[in-house]
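Asker: So the chains spell out like this:
2 protein chains.
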Amino acid sequence: MPDRLGAPLDVPVFERLALIGFGLIGSSLARVARQKNLARRIVAIDASDTVRARVTELGLADTVTGDLVAGVRDADAIILCVPVGVCGEVAEAMRAGLKPGAIVSDVGSVKGSIVTQVAPHLPEGVHFVPAHPVAGTEQSGPDAGFPTLFLNRWCIITPPEGQDPAAIAKIRAFWEGAGSMVEEMSPAHHDLVLAITSHLPHLIAYNIVGTAADLEAVTQSEVIKFSAGGFRDFTRIAASDPTMWRDVFLNNKDAVLEMLGRFTEDLSALQRAIRYGDGEALFNHFTRTRAIRRSIIEIGQDSAAPDFGRQPKTDKDQ
Amino acid sequence: MPDRLGAPLDVPVFERLALIGFGLIGSSLARVARQKNLARRIVAIDASDTVRARVTELGLADTVTGDLVAGVRDADAIILCVPVGVCGEVAEAMRAGLKPGAIVSDVGSVKGSIVTQVAPHLPEGVHFVPAHPVAGTEQSGPDAGFPTLFLNRWCIITPPEGQDPAAIAKIRAFWEGAGSMVEEMSPAHHDLVLAITSHLPHLIAYNIVGTAADLEAVTQSEVIKFSAGGFRDFTRIAASDPTMWRDVFLNNKDAVLEMLGRFTEDLSALQRAIRYGDGEALFNHFTRTRAIRRSIIEIGQDSAAPDFGRQPKTDKDQ
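In the order they appear, the protein sequences are chains A and B. For the first sequence, this note's numbering gives the first residue as 4, with consecutive numbering after it. For the second sequence, this note's numbering gives the first residue as 4, with consecutive numbering after it.
With the rest of the complex left out, here is chain A:
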C-alpha cells in the first residue's frame, strides 16, 4: 500500500470545484486537490468571516467567498463539507447557482438523512453522488487540515438508484486521486455500518468521560493524572467536534439506537459475569476480541506500534 500521495494528475478531474465549509475535511480536500491537481480551480465557500480570512491567508483556494449562489456558479463539482444538520438548508440556498450537469456531493457521516435533506432541492439535470470519507482526527477548523488525511482510508459512496454512471465515475476518480479506496453501498447499509464502527464508539467515549467528570469520591485531577491506564484514549475521541456529533446522532437515530441496544445487552452479560465471579466467561470474551484487532492491523487500518507508538521503543534490548 503506498504511504505517500502520488504524482499530480495530468488532467484534473474537475474544472471548477466548489468546497462548502472549511473545517478539517473541507480544508484537507482543498489541500490534496491542489497538490494532486484534482481540480483546475478551487472555490472556497464558508459562512464565517474568520474562517474565510484564514483560508485566504493559508492560500487554500483560488476564490474565497461567503456567497453560496455566486460560489457554486459555473462549478462542475460542489462538495458540502458542513455538519449533517445543515446540508438541507445549504442545498436550498445554493440551488439558484447550480449549472446543468454539475455534480453535487458531500462528506457527511450519515447518508440516509443527507439524501432526504438534499435531493429535493437539486434541479433537474444536476447529479447527486453522496460520499463519506472514513477519516478524521479529533481536531477541527481550517488549520487542522492536511493533504494526506484521506490517504489509504476508505471513502464510501452511496449514489441513488439510476444515477448517471459518468457522475459516479468522476466522484470515484476524485477520491482515488486523494489517495482513498472507494466502496459503493446503499445509504441504509452505510448508516448501519457506521453506527457500529464510528457512531457508537463516539457515544460511549463521550459518555464515560462525562461519568468520570461527575464522580464525587474520585477527584477530576485524579482522573486526569491516572488516565494512562485506558481512559485517555476515550478522551481523544470525546474531544471531537460537538456540532458534528450532535447532528450525527440526530440524523442516524434508528441505527444508533439498534446498536446501542445490543451493546447494552452485552454489557449486562459482562456485568453479571463480574458480579457472580464467572472468570471463564470473562476470559473467553476477552480472548475472542483479540482476533479483530489483528485483522485491522493486517489490512493497514491501524498501526501495530504498541500504545499507538506514544512511547518510543528505544534501547529495547538493553
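Please note that the accuracy of each hint is not assured.
No copy labels: a pair is met if it fits in one copy or bridges any two.
Taking lysine-lysine and the DSBU-like style, the derived pairs with C-alpha atoms no more than 30 Å apart in a straight line are [unchecked claim]: (1) K102 <-> K256; (2) K102 <-> K173; (3) K173 <-> K228; (4) K256 <-> K228; (5) K102 <-> K228.
I should point out that these hints are in silico values taken from the structure, not numbers from a laboratory.
Take the given structure of chain A and dock chain B to it, following the hints.
Answerer: What follows is chain B alone, placed relative to chain A:
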C-alpha cells in the same frame, strides 16, 4: 518534564532484586533496572520454560530460575509481576526463601485484593509495600518490554498502615529511578480511581468489540475495513492480556460494578436524548468533555498529535 531516562545511579537502590513473572511489566522493569543501576544483581523467576529461555537469550537478568524459594533467597527486594489472581499462591510458595528485612512489592492493577491475598503469607520482619505503575501497552510477553515504559508515568504505592518508612522510601526511590512519579494512597481509594480510569474503559472496549463481532447485518470484514471512524481505538484496548484482565475484574468487583452502574445510568440519559431528538442535551454533553482532554494533554499524560500522530502531518501548508 524529562523525556529520557537519566544517568545510572551511583549506588543501586537494591543489592539483589528478584522479579517474579517476565511479561511486559517484569521484563521492562529488568531492562530499566539494568540501565539505571537500580539493582546490583537481578534474579528472573518465571514458571514457564519458554519464557525463561527467552529471558536468558535476551540477557535480561544475572540469574534465571523457575524455583521460587531459591530465586528469592538473599534478595532484599522481591517484586511480583504476575496476574493479580495468582499473587496469593506465589507469596505462599516463595515464603520459605524470604530473608528478614526483605521488601515484597508487586505491580498489580488492583490493590485491596493484593493486600488480602499476600499479607497473610509474609513472615514477621518482611516488609510489604504494594505498588501499581499506571503504564502499559496492549502487548504481552518478555519481548514486549522496554526500559522507558514507566518514564513520566505515575506509580501508585499503597503501603499498609504502620509500614516501615525506610522500606517505603526504598520502593519510592526504585520507581523514581525508573522515571516514574510516585503517589501514595489507600488500597481502597486506589481501586476506586483505577475502576474509572482503567478498568471500566477496558470493560467497555472489550464489550463493544464483542458486540461488533456478533452482528448479522454488518459483516466482520466491513467492521474491520471501516474501523478508522473510532472503533479501531477500542480494539487496541481490547487486545490486552485476557488473563490479567479477567483477574482485575474478579478482584475489583465492587468498585467496577459501582462505576459501571453510573456509566449505564448516564448512557440511558444520552440514549433518551437521541430517541427524543434533544440536540441541546447532546451538544452540551459533548462540549463539556473537551476540557478533560485538554487537561490530560497539558499535564503530559498524552500526546496532542491528532489521531495519536498515526497520520504524519506533512506538507501541511500545501
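Asker: Now tell me if each hint is right for this structure.
Answerer: Evaluated hints:
1. Proximity of K102 and K256 under a CA criterion of 30 Å is satisfied in neither setting, with 34 Å inside one chain copy and 64 Å between copies.
2. Within a single copy, K102 and K173 get their C-alpha atoms as close as 17 Å, which meets the 30 Å cut-off; across copies the closest is 77 Å, which misses it.
3. In this assembly of identical chains, the alpha carbons of K173 and K228 lie at most 30 Å apart only when taken from different copies (23 Å versus 50 Å within one copy).
4. Taking the closest pair of Cα atoms, K256 and K228 come within 30 Å of each other only across two copies (23 Å); inside a single copy the shortest separation is 35 Å, beyond that limit.
5. Taking CA atoms no more than 30 Å apart as the test, K102 paired with K228 passes in neither setting, with 56 Å inside one copy and 36 Å between copies.
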